[in-house]
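Student: Sequences and hints are given; from them, build the entire structure.
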Amino acid sequence: MSQAKIIDVVIGIVVMGTVGSLIGVLMGGGYLPVAVIIGILLGGGVGMFGGRRFFLSIFIGSILGGLLAWILGGVDAVTVGAASGAAMGGFLGVQASMILDSMAERKRQAAMAASIAEDKATKNEA
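Going by the numbering used here, the sequence shown opens with residue 30, and the numbers climb by one from there.
Simulated from the structure, these hints should not be mistaken for lab results. As the structure is a prediction and not an experimental result, all values here were calculated from the model. Mixed in with the good hints, there may be bad ones.
Simulated DEER-style distance windows between Cβ atoms [to be verified]: (1) Trp99 with Ser144: 52 to 60 angstroms; (2) Met77 with Trp99: 32 to 40 angstroms; (3) Ile35 with Val109: 30 to 38 angstroms; (4) Ser144 with Met56: 54 to 62 angstroms; (5) Gly79 with Leu55: 25 to 33 angstroms; (6) Arg135 with Val54: 38 to 46 angstroms; (7) Asp148 with Ile92: 47 to 55 angstroms; (8) Asp148 with Arg82: 29 to 37 angstroms; (9) Gly102 with Met132: 36 to 44 angstroms.
Cut-off 20 angstroms, straight-line C-alpha distance, at most; resulting in silico cross-link-like pairs (SDA-like, lysine to any residue) [what the hints assert, rightly or not]: (10) Lys136 with Gln124; (11) Lys34 with Gly74; (12) Lys152 with Met141; (13) Lys149 with Arg137; (14) Lys152 with Ala142; (15) Lys136 with Ala125; (16) Lys34 with Pro62; (17) Lys136 with Asp148; (18) Lys34 with Gly46; (19) Lys34 with Arg82; (20) Lys149 with Ala139.
Glycine included, each C-beta is placed from N, C-alpha and C at the ideal position.
Tutor: Structure, rendered in C-alpha cells:
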C-alpha cells in the first residue's frame, strides 16, 4: 500500500472515528463503542478509495455549520449545526468531486479526439 493511501486511510479513520464518538456521546451510554467502531470502519473504507476531498468537505462543513449555529442559536445549537454542516459538506463535496471528474474526463476526451484528427491530417498529407 502506498504512503498516500495510508495517509488517506488514517485521515478517514480520524475524521469518521471522531464523528462516531460524538454521535455516541450524544446518543448516550452503550452506543459510544458501537458508533466509534462504525465510524472507524466507514472512515477506513472511504480512505481506501482516496476520499481526501470528501473528508475536507466534511471538515469545512462542520466548522461553518457550527459557527452559523453558534451565531444564530447560541452555544446549545453548535452540536446540531456542526452535524448538519458536516452532512451538507459531505453531500456538496461528493457532488463537486463528480463535477470535477466529469470535466477532467471531457478534457481528456477532447485532447484524444484532437490527437486522432491531427494523426489523420498528417496521414492524408503524406
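Student: Each hint: holds or not?
Tutor: These are the hints, each one checked on the structure:
{"no.": "1", "hint": "Trp99 with Ser144: 52 to 60 angstroms", "verdict": "53 angstroms, holds"}
{"no.": "2", "hint": "Met77 with Trp99: 32 to 40 angstroms", "verdict": "34 angstroms, holds"}
{"no.": "3", "hint": "Ile35 with Val109: 30 to 38 angstroms", "verdict": "34 angstroms, holds"}
{"no.": "4", "hint": "Ser144 with Met56: 54 to 62 angstroms", "verdict": "56 angstroms, holds"}
{"no.": "5", "hint": "Gly79 with Leu55: 25 to 33 angstroms", "verdict": "30 angstroms, holds"}
{"no.": "6", "hint": "Arg135 with Val54: 38 to 46 angstroms", "verdict": "45 angstroms, holds"}
{"no.": "7", "hint": "Asp148 with Ile92: 47 to 55 angstroms", "verdict": "50 angstroms, holds"}
{"no.": "8", "hint": "Asp148 with Arg82: 29 to 37 angstroms", "verdict": "35 angstroms, holds"}
{"no.": "9", "hint": "Gly102 with Met132: 36 to 44 angstroms", "verdict": "38 angstroms, holds"}
{"no.": "10", "hint": "Lys136 with Gln124", "verdict": "19 angstroms, holds"}
{"no.": "11", "hint": "Lys34 with Gly74", "verdict": "11 angstroms, holds"}
{"no.": "12", "hint": "Lys152 with Met141", "verdict": "17 angstroms, holds"}
{"no.": "13", "hint": "Lys149 with Arg137", "verdict": "19 angstroms, holds"}
{"no.": "14", "hint": "Lys152 with Ala142", "verdict": "15 angstroms, holds"}
{"no.": "15", "hint": "Lys136 with Ala125", "verdict": "17 angstroms, holds"}
{"no.": "16", "hint": "Lys34 with Pro62", "verdict": "26 angstroms, violated"}
{"no.": "17", "hint": "Lys136 with Asp148", "verdict": "18 angstroms, holds"}
{"no.": "18", "hint": "Lys34 with Gly46", "verdict": "18 angstroms, holds"}
{"no.": "19", "hint": "Lys34 with Arg82", "verdict": "13 angstroms, holds"}
{"no.": "20", "hint": "Lys149 with Ala139", "verdict": "15 angstroms, holds"}
In summary, the structure is inconsistent with hint 16 from the numbered list given earlier, while agreeing with all the others.
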